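Participant: So the chains spell out like this:
2 protein chains.
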Amino acid sequence: MAFPGLEYMITSCVLFLRELPKTSWAKIVKVAKMARKLAQDDPRKVFHSFKVGLAIVLVSIFYNFRPSFYGFGDNTTWAVITVVVVMEFSVGATLGKGLNRMLATLLAGSLGVATHRVATLCGEKGQIVLISLSIFVAAGTVTFMRFFPEMKARYDYGMLIFILTFSLVSVTGYGENELLEEACERLLTIIFGSILAITICICICPVWIGKDLHNLVSSNIEKLAQFFQGFGDDYFDDSKNNTVVVVDKSFLQGYKSVLNSKTTEENMANLARWEPCHGNFKFGHPWKQYLKIGALTRACAYKIEALNVYTNSEQTTPNELRIKIQESCRNVSSECGKALKESSLSVRNMIMSTGPNPHVANAKNAAESLKFILRTNPWEGADLLQITQAAGVASLLIDVVGSIEKICQAIDELASLAKFKKIETTEPTQLLHRGMVQPIPRDDGSDHVITMAE
Amino acid sequence: MAFPGLEYMITSCVLFLRELPKTSWAKIVKVAKMARKLAQDDPRKVFHSFKVGLAIVLVSIFYNFRPSFYGFGDNTTWAVITVVVVMEFSVGATLGKGLNRMLATLLAGSLGVATHRVATLCGEKGQIVLISLSIFVAAGTVTFMRFFPEMKARYDYGMLIFILTFSLVSVTGYGENELLEEACERLLTIIFGSILAITICICICPVWIGKDLHNLVSSNIEKLAQFFQGFGDDYFDDSKNNTVVVVDKSFLQGYKSVLNSKTTEENMANLARWEPCHGNFKFGHPWKQYLKIGALTRACAYKIEALNVYTNSEQTTPNELRIKIQESCRNVSSECGKALKESSLSVRNMIMSTGPNPHVANAKNAAESLKFILRTNPWEGADLLQITQAAGVASLLIDVVGSIEKICQAIDELASLAKFKKIETTEPTQLLHRGMVQPIPRDDGSDHVITMAE
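Chains as they are written, first to last, in my numbering: chain A, 490 to 943; chain B, 490 to 943.
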């Protein structure tokens, strides 16, 4: 060959091009799989993408026909900007941003026009100084106000738009009449864009963040319920038969996501307040109560984390010692699970329970029974280090009952505040008293024991 | 009087006006107090407000002199918009937004101009259809991409600006040459605005979010240290002398803020990655390691929450029983506190410790000693229900030592990854062996005890 350099270059290029499809194909497949998973997990995200595309196409068509609309000049671009920026995944967020944008534009626009008018009275140099000063003061003050937690939660976007609009209007070099016209046009296009975004967001497959919060709180309680329903079997069975059986224990780990739910819940509650009534959620729905339930759920999840510390600790209580508290512990745990399950269902279906949760009473009885067993000193003479695990588990289970009761009470409060439907149950849930031992303390401090027949 | 109605109106007005100053004054005072507290807690917020005001005034002055700049037409408004929107509290956030905005504008602008050029070849009707279709596809796809967690963390703002710019450029009705000029002008003003915002943010009292994250992680560890340093006195002393002494125990509650720190830390780490090297933070500082330390700190905080469950439980262990494990428990707790305190100081001052933390070794010894005491069954014959509290506390304290060791190891990793300074200590911290009991298990399972002389 006459050109070995050229040959080398060609070989390299061919090699690179031959490898390129492989590597890029692998990447494309990875991204496609991720996208598919995302779409399968929440198909509303796909609908939202369609909605955003549709909204922008609609506003762009409006833009193309703008000469036939009176009063919208070149400012039609502001309608496009507004639609893109205001359109959010949930109705609450879109409404919050839209209303914030419209109100802030109106306020800042009027103030800006007034400032401009005053400034024109001060001569050319005075005008620049006065306008610069007013922009500095307004932008500085509003920026500082954005740090106020209460303002930030609801009006952060509005305050940003206030600074933006005030600066733009004050700074503009138009004459007075032109300025007023311009400001009005811009306000109208922004109102148009906001209303278009809000309408599409509400009318096509709306995502109500209030409903999401409702479902999140209910599913968090359900995760705790799953833990308690599985905990008894997990703690008392796995060491019994040492055969290695691969069991899916992911339901025991579900509570972990509850530990870090605070920020999400607070954001959702803030956005939910913007939403109008929808479905079973009336105007003035008690969103704050969800935060209260969320906090109690988290407190309970911390206790579960502590239970897990014990079950995973090095010092395990031998099975023959553990078995002595098995029945009461299983009872407490499963009744706590049932109480939470029932409460989570009552939240999910928005049904008010007719009386106090019977499983809470059962759990309390089981806890009393557990306390009684502990008082009889079932592990007399055993190595204290060995029994600390079981004693810790028992003591935490006794303590957990109080948390569960608080959660159930908070849910009852929610039910009455939000006026959940009342449904009469024909079959009352039976109180648990099979083999229960219920101590009734006498005045002298000793215990009088009632043993119920099976 | 001739007009009793008028008299009534006047009286009402006078009353209203007399009350008005009082009520509004009360509100003003409340807001002023809140603002003062906010400013005192973090004066950087006041500086930030000044900076925003200054940046907008500077850009407005630039706007006023725009005729003398070549190439910036009416598009100068985009510089104002950019400054207002890009300027954030921290350097990381401002840089992230500014770079996102510039890159996204460049990309979307080029793509928009190209689309526009292709569309003009398809006739008037074909143009509208093709442009609408491309806007729909681009906006929909990018909106969906915003749901990818990794993309959202770093490029969320950029993707929003991409949709915005692409829609604006494609939709515009300009001729071809005009469009290119317009797009270039807009890009230049946006670059100008971003650079102005970034420059002011970095040059005047910069707020480095990386440093904030560093301090947050270190202060969170310190909060845990304070808890452990105070826990021994709190648990073993308050029932001893029943005199009511009002003691400030807020330091025992400091750990509560650590429980919910996950979201904050993750956001801060995401923003910190945008920051250039500053102070002791070099380029490529291991921000991910802070998240690891944060997760371990939270895991330890959950255990503290469990300890608090015990100390606040109804079933308290009587003092005469509690006293038997007092010394070892106090030792474990205080050594854990010291280990954490030392680690938090090493993070805060960016100093690498020369060897393994001696307090961790002490805490381990104290835990072994506590285990030994538990094995000797100090509460022989006592009511098990009464001793569960103390047993639970002891068992958790033993378990906590492992968490502390993990935290200290993660900090050592950070120190070597981030190349902290090495400082040779002249006085090595003495190992704790005063009155310690160290069991060495023999092969037959029984314990051989070495008692050290005081």
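You may find that some hints are simply not true.
As the list makes no split between identical chains, a pair holds if one copy fits it or if it spans any two.
[Claimed, not checked] In the PhoX-like style, the derived pairs of lysine-lysine whose C-alpha atoms are separated by at most 25 Å in a straight line are:
1) Lys-534 / Lys-614
2) Lys-751 / Lys-777
3) Lys-534 / Lys-908
4) Lys-522 / Lys-813
5) Lys-813 / Lys-830
6) Lys-700 / Lys-614
7) Lys-813 / Lys-908
8) Lys-910 / Lys-511
9) Lys-781 / Lys-908
10) Lys-911 / Lys-516
11) Lys-813 / Lys-745
12) Lys-777 / Lys-738
13) Lys-911 / Lys-738
14) Lys-908 / Lys-641
15) Lys-511 / Lys-641
16) Lys-511 / Lys-777
17) Lys-519 / Lys-908
18) Lys-813 / Lys-911
19) Lys-519 / Lys-777
20) Lys-738 / Lys-534
Simulated from the structure, these hints should not be mistaken for laboratory data. Note that this is a predicted model, so its numbers are computed, not measured.
Participant: Evaluate each hint against the coordinates.
Facilitator: Consistency of the hints with the structure:
Taking the closest pair of Cα atoms, Lys-534 and Lys-614 never come within 25 Å of each other, the shortest separation being 53 Å inside a single copy and 32 Å across copies. In this assembly of identical chains, Lys-751 and Lys-777 lie within 25 Å of each other by CA distance both inside one copy and across copies; the values are 13 Å within and 22 Å between. For the identical chains of this complex, Lys-534 and Lys-908 are neighbours neither inside a copy (31 Å) nor across copies (43 Å), given an alpha-carbon limit of 25 Å. For the identical chains of this complex, Lys-522 and Lys-813 are neighbours neither inside a copy (51 Å) nor across copies (60 Å), given an alpha-carbon limit of 25 Å.
When the C-alpha separation of Lys-813 and Lys-830 is checked against a cutoff of 25 Å, the pair qualifies neither within a copy, at 27 Å, nor between copies, at 42 Å. In this assembly of identical chains, the alpha carbons of Lys-700 and Lys-614 never lie at most 25 Å apart, being 56 Å within a copy and 43 Å across copies at closest. Taking the closest pair of Cα atoms, Lys-813 and Lys-908 never come within 25 Å of each other, the shortest separation being 45 Å inside a single copy and 54 Å across copies. Proximity of Lys-910 and Lys-511 under a CA criterion of 25 Å is satisfied in neither setting, with 59 Å inside one chain copy and 45 Å between copies.
For the homomeric pair Lys-781 and Lys-908, the shortest alpha-carbon distance inside one copy (17 Å) is at most 25 Å, but the shortest distance between copies (45 Å) is not. Within a single copy, Lys-911 and Lys-516 get their C-alpha atoms no closer than 54 Å, and across copies no closer than 43 Å, so neither meets the 25 Å cut-off. Proximity of Lys-813 to Lys-745 under the C-alpha cut-off of 25 Å is found in neither arrangement, the shortest distances being 30 Å within a copy and 36 Å between copies. Taking the shortest Cα distances, Lys-777 and Lys-738 never come within 25 Å of each other, neither inside one copy (33 Å) nor across copies (29 Å).
Taking CA atoms no more than 25 Å apart as the test, Lys-911 paired with Lys-738 passes in neither setting, with 36 Å inside one copy and 45 Å between copies. Taking the shortest Cα distances, Lys-908 and Lys-641 never come within 25 Å of each other, neither inside one copy (31 Å) nor across copies (38 Å). In this assembly of identical chains, Lys-511 and Lys-641 lie within 25 Å of each other by CA distance neither inside one copy nor across copies; the values are 48 Å within and 27 Å between. For the homomeric pair Lys-511 and Lys-777, neither the shortest alpha-carbon distance inside one copy (53 Å) nor that between copies (31 Å) is at most 25 Å.
Neither within a single protomer nor between protomers do Lys-519 and Lys-908 lie at most 25 Å apart by alpha-carbon distance, with minima of 48 Å and 36 Å respectively. In this homomeric assembly, Lys-813 and Lys-911 never come within 25 Å of each other (Cα to Cα): the closest approach is 42 Å inside a single copy and 55 Å across copies. Within a single copy, Lys-519 and Lys-777 get their C-alpha atoms only as close as 41 Å, which misses the 25 Å cut-off; across copies the closest is 24 Å, which meets it. Proximity of Lys-738 and Lys-534 under a CA criterion of 25 Å is satisfied in neither setting, with 30 Å inside one chain copy and 47 Å between copies.
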